[in-house]
Amino acid sequence: MIKVLVIDDEMDVLIVLREILTRAGFEVRIAENGMEGLELLRQERADLVITDIIMPGMDGVATVRAIRNEFPGTRVLVISGGGNIAPMEYEPAAIKTSAYLASAAKAGADLTLTKPFDRNELIEAVRSLTAD
Amino acid sequence: MAGRLNTLAGRLILVLLVIHAISMPVLYFTLAGVFERSTTDTFIDSVRSYGRTIADSFEAYPGLGSDEGIIAHLDSVMFGGGGVYAVLEVGGKTFRSSLMGEEEVGLFREDFTFGEHGDDIYYLSVALSDADPPAVLRFGFDEVPIHEGIEQVRKTIVMTLVGYLLLALLGTTVLSARVVRPIKELQGASRRIASGEYERKLTVDSTLDEIRGLSRDLEKMRSNLVGINARLQQEIADRVAAESERRSLEERVRHSQRLESLGTLAGGVAHEFNNVLQPLVLYTDLALEDLPDDSPVVPNLARILDLARRAKNLSRQILTFSRQGSPAALQNYRLDAVVEEGLTMIRALLPAPVDLRWEISPSGGLVACDPAEIHQLLINLCNNAFRSLNGGSGQIRVSLDTVEVSQELAARHPDLRVGEYERITVSDTGEGMDPATLARIFEPFFTTRKVGEGTGLGLSVVHGIVRRFRGDIIVRSERGRGTVFEIYLPIVSELEETE
Chain A
22 MIKVLVIDDE MDVLIVLREI LTRAGFEVRI AENGMEGLEL LRQERADLVI
72 TDIIMPGMDG VATVRAIRNE FPGTRVLVIS GGGNIAPMEY EPAAIKTSAY
122 LASAAKAGAD LTLTKPFDRN ELIEAVRSLT AD
Chain B
15 MAGRLNTLAG RLILVLLVIH AISMPVLYFT LAGVFERSTT DTFIDSVRSY
65 GRTIADSFEA YPGLGSDEGI IAHLDSVMFG GGGVYAVLEV GGKTFRSSLM
115 GEEEVGLFRE DFTFGEHGDD IYYLSVALSD ADPPAVLRFG FDEVPIHEGI
165 EQVRKTIVMT LVGYLLLALL GTTVLSARVV RPIKELQGAS RRIASGEYER
215 KLTVDSTLDE IRGLSRDLEK MRSNLVGINA RLQQEIADRV AAESERRSLE
265 ERVRHSQRLE SLGTLAGGVA HEFNNVLQPL VLYTDLALED LPDDSPVVPN
315 LARILDLARR AKNLSRQILT FSRQGSPAAL QNYRLDAVVE EGLTMIRALL
365 PAPVDLRWEI SPSGGLVACD PAEIHQLLIN LCNNAFRSLN GGSGQIRVSL
415 DTVEVSQELA ARHPDLRVGE YERITVSDTG EGMDPATLAR IFEPFFTTRK
465 VGEGTGLGLS VVHGIVRRFR GDIIVRSERG RGTVFEIYLP IVSELEETE
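Residue numbers (the numbering used here), protein chains in the order written: chain A, 22 to 153; chain B, 15 to 513.
Keep in mind that the hints are not guaranteed to be accurate.
Claimed, not checked - So the derived list for chain A, only partly shown, Cβ under 10 Å to chain B, looks like this:
(1) ILE41
(2) GLY102
(3) ARG140
(4) ASN141
Please keep in mind that the hints were generated in silico from the structure rather than gathered at the bench.
For each residue, glycine too, the CB sits at the ideal point set by N, CA and C.
Start from the sequences and build out the full structure, keeping to the hints where you can.
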């Protein structure tokens, strides 16, 4: 069975993605941040990692870079809320998500999806990334 | 009258009259007196020498023996000498000239003394001392012609003086007019200058050096004044322009800073919004899957998905606005083809009667952009233009051309750099905007439309797109006249031969 690891700091997103992907026939693992996700990956491996881009601690870009280094065979799908992400209170300069997405792509993401996407978009993306 | 006397001409004539009022009687009496005295003296002298000559001729006259001879001689003497009468007294006997008229006889008196005169007769008495017996010869001369001559001379003097006075008056008037005219012109000119009319050149021609000099000096003053005035005006205009330029630049910087912070804020909100929207959509998807198709809940859940899609669309627009300045995912395109394609699509979307026309010049270079976003930009601008027509018979014009942004334009628009730009111009003849509206049009959710008719995001999106492509927007609008949007997008490279 194809194993998918989902990393997002939003518990609701994790739960619903797990539900959808499980129903679609994937084996799903979830992690709340990049460190946890990497740890899980080292223990269990996965065919695909779906990761949010803005997360406390290790963010999506760093996560993608680390996965690319350690697990070159694992595909990466980046999902993002887009826009100038809000953390103005702890980031003096506004971070531009599009720039983030670009650097995520540079870091080695295979595909990006912008939130909110629907079930079909997601399943289609996951299937296309795990087809071979 | 007093006013007239205060003029230069009045004064000159008054002085002339006063001088003549004093000098002319003096001149007259002096001249007349001198002439009269000299004429009378000449008359007396000539009468005296004439009497002497007559006396001599009587003494030498051989015919004194007869009375007729004496009278005939007296007659000839009187006739030849211009006398009025002649009387000879010899030894108590008196002979009178026969030519003596009645009047003269009446005037004749015994008490003649030489040199006295009266009743216009001048008497002369000569003693013929050498004759024997002793005799006295008396002659009378008419002094009327002398007096008439003197009177004539007086009249001539008076007439000459009057003529001279008139000539002097005429001369003074003409002279003063010649002096006064240029002075008056100078006065008029200086009055014009005083009242702020500096522009007319001051030319007063006069043969008088002083007036020419004065005129030259005044003209010099005037031209200096014009120069100073022009410099002052220029300086004031420069300062005002500099001040307003500084203000408008500040305003633009403030404006673009405000939009940027609004973008950051809106982007943050949209991001969080999307994060909330994501599980909402997916949970609904799951719920729909779990329900039988005929469940009464299905339509409601489907409606929730529709609304979520609308919310997604809204947040996408906000993100477009907030994604200003990010160069990600841009490629170089020729704008002419992109704009033409977009406008053809818009033509199909707008109601047929709308007068939308465009003029596309071949692109001068490539612009780093995203064709879909250029289309979005054109759609939003044309939609706004269409709405500003309010269903009226206005026009929408779109053009694309290549322009060189000058130092001057770049100085006024901090987001523009000197160099080549592609310029998209969208203009309409619609209702236009007032300055207060114009200042806020790019703010997200600012709208002049009724609730439900517009989100207030259209121009925010346009602004976001333009800023993302490193361009700038210049808007001109006037209430009732229409609006012009100029989109400047920088040319990043030359046209590629192969495309």
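- Hint check: 10 Å Cβ-Cβ cutoff, GLY102 of chain A to chain B: 4 Å, holds
- Item | Hint check, ARG140 of chain A versus chain B [nearest Cβ-Cβ separation less than 10 Å] | Cβ of ARG140 of chain A sits 4 Å from chain B, so the hint holds.
- Message: A closest beta-carbon separation below 10 Å is what the hint needs, so does ILE41 of chain A meet it against chain B?
- Response: 6 Å, holds
- Close enough to count: is the Cβ of ASN141 of chain A nearer than 10 Å to one in chain B? This hint holds: ASN141 of chain A lies near chain B, its Cβ roughly 8 Å from the closest one there, short of 10 Å.
Checked against the numbered hints above, the structure violates none of them.
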